[in-house]
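Make a model of the complete structure from these sequences and hints.
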Amino acid sequence: MAYTEHSAAAHDHHDHKPHGFWNRWLTTTNHKDIGTLYLVFSGIMFFIGGSFAMLIRLELFRPGLQFLDPALFNTMTTMHALVMIFGAVMPGFVGLANWMIPMQIGAPDMALPRMNNFSFWILPFAFTLLLSTLLVPGGGPAGGWTMYPPLVLQTGSAVPLMIFAIHLMGASSILGAINVIVTIMNMRAPGMTLLRMPLFVWTWLITAYLLIAAMPVLAGAVTMLLTDHFFGTSFFNAAGGGDPVMFQHIFWFFGHPEVYIMILPAFGIISEIIPTFSGKPLFGYDAMVYATASIAFLSFIVWAHHMFTVGMPLSSELFFMLSTMLISIPTGVKVFNWATTMWRGSVSFEPPMLWALAFLFLFSIGGFSGLMLAIAPADFQYQDTYFVVAHFHYVLVTGAIFAIMGAVYYWLPKWTGHMYNMTLARWHFWLSAIFVNVLFFPQHFLGLAGMPRRVPDYATQFTDWNMVSSIGGFGFGLSQFLFPYLIWKCAHGGVKATSKVWDTPIGLEWQLPSPAPYHSWVEAPSMDTLDHGVPAHGAGLDHHH
Amino acid sequence: MSDTHAHADSTKYYLPHNSPWPILGSVALFCLMMGGASYLNEWAGGWALIPGAVLLATMFFCWFGTVIGENQHGLLNNAQVDRSFRMGMIWFIFSEVMFFAAFFGALFYARELAVPWIGGEGVKLINRLVLWKNYDPTWPTNGPAHIGGRADGTFEVIPAFSLPAVNTLILLSSGVTVTLAHHALRASDRTSLKFWLALTFLLGFTFVGLQAHEYGEAYRELGLRLSTGIYGSTFFMLTGFHGLHVTIGAIMLMVIWFRVWRGHFTPKHHFAFEAVAWYWHFVDVVWLGLFIFVYWL
Numbered sequence: 029m030a031y032t033e034h035s036a037a038a039h040d041h042h043d044h045k046p047h048g049f050w051n052r053w054l055t056t057t058n059h060k061d062i063g064t065l066y067l068v069f070s071g072i073m074f075f076i077g078g079s080f081a082m083l084i085r086l087e088l089f090r091p092g093l094q095f096l097d098p099a100l101f102n103t104m105t106t107m108h109a110l111v112m113i114f115g116a117v118m119p120g121f122v123g124l125a126n127w128m129i130p131m132q133i134g135a136p137d138m139a140l141p142r143m144n145n146f147s148f149w150i151l152p153f154a155f156t157l158l159l160s161t162l163l164v165p166g167g168g169p170a171g172g173w174t175m176y177p178p179l180v181l182q183t184g185s186a187v188p189l190m191i192f193a194i195h196l197m198g199a200s201s202i203l204g205a206i207n208v209i210v211t212i213m214n215m216r217a218p219g220m221t222l223l224r225m226p227l228f229v230w231t232w233l234i235t236a237y238l239l240i241a242a243m244p245v246l247a248g249a250v251t252m253l254l255t256d257h258f259f260g261t262s263f264f265n266a267a268g269g270g271d272p273v274m275f276q277h278i279f280w281f282f283g284h285p286e287v288y289i290m291i292l293p294a295f296g297i298i299s300e301i302i303p304t305f306s307g308k309p310l311f312g313y314d315a316m317v318y319a320t321a322s323i324a325f326l327s328f329i330v331w332a333h334h335m336f337t338v339g340m341p342l343s344s345e346l347f348f349m350l351s352t353m354l355i356s357i358p359t360g361v362k363v364f365n366w367a368t369t370m371w372r373g374s375v376s377f378e379p380p381m382l383w384a385l386a387f388l389f390l391f392s393i394g395g396f397s398g399l400m401l402a403i404a405p406a407d408f409q410y411q412d413t414y415f416v417v418a419h420f421h422y423v424l425v426t427g428a429i430f431a432i433m434g435a436v437y438y439w440l441p442k443w444t445g446h447m448y449n450m451t452l453a454r455w456h457f458w459l460s461a462i463f464v465n466v467l468f469f470p471q472h473f474l475g476l477a478g479m480p481r482r483v484p485d486y487a488t489q490f491t492d493w494n495m496v497s498s499i500g501g502f503g504f505g506l507s508q509f510l511f512p513y514l515i516w517k518c519a520h521g522g523v524k525a526t527s528k529v530w531d532t533p534i535g536l537e538w539q540l541p542s543p544a545p546y547h548s549w550v551e552a553p554s555m556d557t558l559d560h561g562v563p564a565h566g567a568g569l570d571h572h573h
Numbered sequence: 004m005s006d007t008h009a010h011a012d013s014t015k016y017y018l019p020h021n022s023p024w025p026i027l028g029s030v031a032l033f034c035l036m037m038g039g040a041s042y043l044n045e046w047a048g049g050w051a052l053i054p055g056a057v058l059l060a061t062m063f064f065c066w067f068g069t070v071i072g073e074n075q076h077g078l079l080n081n082a083q084v085d086r087s088f089r090m091g092m093i094w095f096i097f098s099e100v101m102f103f104a105a106f107f108g109a110l111f112y113a114r115e116l117a118v119p120w121i122g123g124e125g126v127k128l129i130n131r132l133v134l135w136k137n138y139d140p141t142w143p144t145n146g147p148a149h150i151g152g153r154a155d156g157t158f159e160v161i162p163a164f165s166l167p168a169v170n171t172l173i174l175l176s177s178g179v180t181v182t183l184a185h186h187a188l189r190a191s192d193r194t195s196l197k198f199w200l201a202l203t204f205l206l207g208f209t210f211v212g213l214q215a216h217e218y219g220e221a222y223r224e225l226g227l228r229l230s231t232g233i234y235g236s237t238f239f240m241l242t243g244f245h246g247l248h249v250t251i252g253a254i255m256l257m258v259i260w261f262r263v264w265r266g267h268f269t270p271k272h273h274f275a276f277e278a279v280a281w282y283w284h285f286v287d288v289v290w291l292g293l294f295i296f297v298y299w300l
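Chain order of the listed sequences is A and B. Just so you know, we're using this note's numbering here: the first sequence kicks off at 29 and counts up by one. Just so you know, we're using this note's numbering here: the second sequence kicks off at 4 and counts up by one.
It is worth saying that the hints were derived from the structure and are not from the lab. Keep in mind the model is a prediction, meaning the values are calculated, not measured. Heads up, the beta-carbon is just placed ideally off N, CA and C, and yes, glycines get one too. There may be inaccurate statements among the hints.
Claimed, not checked - Label-pair restraints from in silico Cβ distances:
| no. | chain 1 | residue 1 | chain 2 | residue 2 | range |
| --- | --- | --- | --- | --- | --- |
| 1 | B | R193 | A | S554 | 40 to 48 Å |
| 2 | B | L205 | A | L540 | 48 to 56 Å |
| 3 | A | F396 | B | I254 | 25 to 33 Å |
| 4 | B | G243 | A | T174 | 22 to 30 Å |
| 5 | A | F364 | B | I93 | 35 to 43 Å |
| 6 | A | T174 | B | F111 | 17 to 25 Å |
| 7 | A | S343 | B | I295 | 25 to 33 Å |
| 8 | A | P309 | B | E124 | 38 to 46 Å |
As structure tokens, this is what we get:
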């Protein structure tokens, strides 16, 4: 039979991995192998989505049309977003969750290992569907990743392929989220009470709830697009009593929680890295948990700030403006807590800490520009300009992507058992950190000066900053090739890593040897004997013993 | 396939080894979606959906078969696995609730905001003055252009206290019968269990049959179709997805019934029964929402 059972007290731990491609990767139920699959997939999508971005920056290097016709340019902006959001960032975080959550909570694996495999293997097929749209009559979707009708319904044969691809991505995310919730709620080691969980586990738990609540709504929205296009429904057709703006409401009811789906796990990662390299436990652990939960709650009541200019009633504009501004309070709690964690700590600047510090500064820039965009009257000016592009790339590239990079540099020695090339890692960081600002900071100026987004050509007064931005883009893109090279080298040799890897790491994963054994905790660890670095209060809130 | 370490300990971890069903399921979904897209793009006929559907059904049959087999060997009967399955089912149902929420949201938005605005309410006065001068924005509506409906653009709706009320009684009764079946199972009364369970899925299929009858009437006589403006869109998408869920739920109840005949389930361990019962109550509650907001109010 195809199962193994381990007694919590069994010592007959065996570490042999299944042999052969079929057994090791296609039919696997192991959280580490599935985590690796997710991370490799995320990396491939990062480079595919990145190549679309390079084409965008190539076209925008000079005014006029040089390389891409406008339809293909719009396809590139649309596909860049879809691939980066659903293919690179989300699977990247799920890969990290798969690797780290069982190790951090003292479990042998995820709670539902077969479903875990299903969650992953849906994705390559979903992206085959999505990327195949580039080859069909009428070309790929070009109406923007937000798929607003009626524009998106003018796409050619790509419409059903894109919609079904999104259905599959949603199914994958929902199954993955269910697994994360069940694992965290049911598989924690004895003594790992909710308020002793590492922040990465906490932020992922909350993210999983967001996924389960938001992804089905996206599925509903794109299903309505499908029936409007093929079956004559009138959801988004005013002549039949529907409303195109209704799509925007339903879409952003998903879309705004989606933004936090892409940043809350990043908050968790930063909350792991900063204490380790400050030699201090996280400042304000409880406040961090409650702040994360508050942000998650608020994410469901702010969606229409993406739609200030569509002609909503004034009362809606006010409500969504004020609720959006409220988010800066729990986010501020987080940023100050990270800063305070470093206060009077013995801070050292290994590569993971460099990414975390860059995150702290650059994500905050994205947060401040977000606050500017939240002001409804000001947004009438910023809407659909490069200022918006600059804003969400600061939160998603220097926020989400930088956190994923930091996480890989933080946990890579634990995964491979080897230290990586620190010099190369520093080069990767500094090149990325410099070029990403050359790339995106000028886009603030372009947007404030009035350059619209999603255009292949522009007025000549925008030329200089576009050239600067493109140079930054090419530099950032090229710098990323250091990353797979460094990971490949680290996976295949290098200085042996100790179990703790860093000087003062905090958490259960550092109690396991490096590389971590194939099944993480065959024997549940005892929290009482561990220096978990989190105060042992809050036991009254525990649901699980 | 792999070794088994069975221990008497009740806190065993559940670590299934390699399984071919997830990858088969992914291939099946890919074939189904590719087939669906080919059909909609008119690259192929309706047959294009068949390979994916067959593969998907095979995958479900084999995957559930594997889990049932493990269960019958007593390998999953520990408290932790039981909790994992329960939590998984609860959150799956919650995701389904959110899927229906999108369509209920569309209904409420259309009724309370979109249609009155098209009719010129409040700051949208210009619509009545310029765009749609003679439009009466009352629900039910198929919009100012009278999309779909009969040849003259009119349509009728199905009164709540006719067949829909009967269907409500049927579905609510099936909620009672499934609970009676559960009590019978816990009391080891297998004869009653089989009876009440069979009655439950028969009521379910009766409901679906009556819905199909109602759809036929709506299409033929009332001018109420999927393409009948926003009313037809929300009506058929909400009741259609609900009917699909009732069908799936009734099939799941049948599977449980066959398993009862095979001697599965004990008064203490019958998670599959409970999971299906939860699912059944979920489609029941969605129907109440439909009856109130789609048919009645």
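Task: Enumerated hints in conflict with the structure, sorted upward - done: 3 and 8
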